[in-house]
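In my numbering, the protein residues as written are 1 to 163.
Worth double-checking, as some hints may not be accurate.
Pairwise CB distance ranges, derived in the manner of DEER restraints [claimed, not checked]:
#, residue 1, residue 2, range
1, Pro36, Arg7, 16 to 26 Å
2, Val64, Tyr27, 12 to 22 Å
3, Ala135, Pro92, 17 to 27 Å
4, Pro37, Gly98, 19 to 29 Å
5, Arg146, Gly115, 32 to 42 Å
6, Gln3, Gly149, 35 to 45 Å
7, Gln3, Gly153, 35 to 45 Å
Calculated from the structure, these hints are not laboratory results. Note that the structure is a prediction, hence the values are computed from the model and not measured. Ideal Cβ positions, reconstructed from N, Cα and C, are used throughout, including at glycine.
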Amino acid sequence: MPQVHIRSAALTDLPAITAIYRDAVLYGTATFELDPPDLAEMTRRYETLTGNGFPYLVAVREDVVVGYAYAGPYRPRPAYRFTVENSVYLDPAFYRRGIGTALLKELITQCTALGYRQMIAVIGGAEPASAALHARAGFRESGRMRSVGRKHGRWLDTLYMQR
1 MPQVHIRSAA
11 LTDLPAITAI
21 YRDAVLYGTA
31 TFELDPPDLA
41 EMTRRYETLT
51 GNGFPYLVAV
61 REDVVVGYAY
71 AGPYRPRPAY
81 RFTVENSVYL
91 DPAFYRRGIG
101 TALLKELITQ
111 CTALGYRQMI
121 AVIGGAEPAS
131 AALHARAGFR
141 ESGRMRSVGR
151 KHGRWLDTLY
161 MQR
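All chains should be built: construct the whole structure from the sequences, respecting the hints.
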């Protein structure tokens, strides 16, 4: 299998990132968004995060973006300034190949180098694969909000994990 490379995302990656997220919104439960954001909105979100110095990464295989991850502020109040929240999304064709692990590992490395002390994962739908990914990276469950979101005709939990 061709190797996957992790690098900082660029504006030119945003169409692929938008497509990956669109799939997650339409068919998954990891995000509680119901309507996929368009390229302009995804660009605004990317520029906000990177403009504030947060890492935003892509996994690339044969010049194709197959996943992405980023960190952003956990909460806006200043006391939370040493804590970030992470997100990891993959093209479904590339699940279970270690790509999410590679993205999350690099994201943790970069956030640690930037001085962040804690990383929080807010896992919509309490997705078992996402929970397992985070557990492998040293996250521990820190809470669960039951039936707080409704998507695809069912009530969903939100799982909180902390590293």
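Evaluation of the provided hints:
Remark: the range hint 16 to 26 Å for proline 36 to arginine 7 is upheld by a beta-carbon distance near 24 Å. Our hint of 12 to 22 Å for valine 64 and tyrosine 27 holds, since their Cβ atoms are close to 20 Å apart. Our hint of 17 to 27 Å for alanine 135 and proline 92 holds, since their Cβ atoms are close to 21 Å apart. Look at proline 37 against glycine 98: about 28 Å separates their beta carbons, and that is inside 19 to 29 Å.
For arginine 146 paired with glycine 115, a C-beta distance near 34 Å keeps the hint of 32 to 42 Å intact. For glutamine 3 and glycine 149, the hinted distance range of 35 to 45 Å is satisfied, since their beta carbons lie about 37 Å from each other. At about 40 Å, the CB distance of glutamine 3 to glycine 153 agrees with the hint of 35 to 45 Å.
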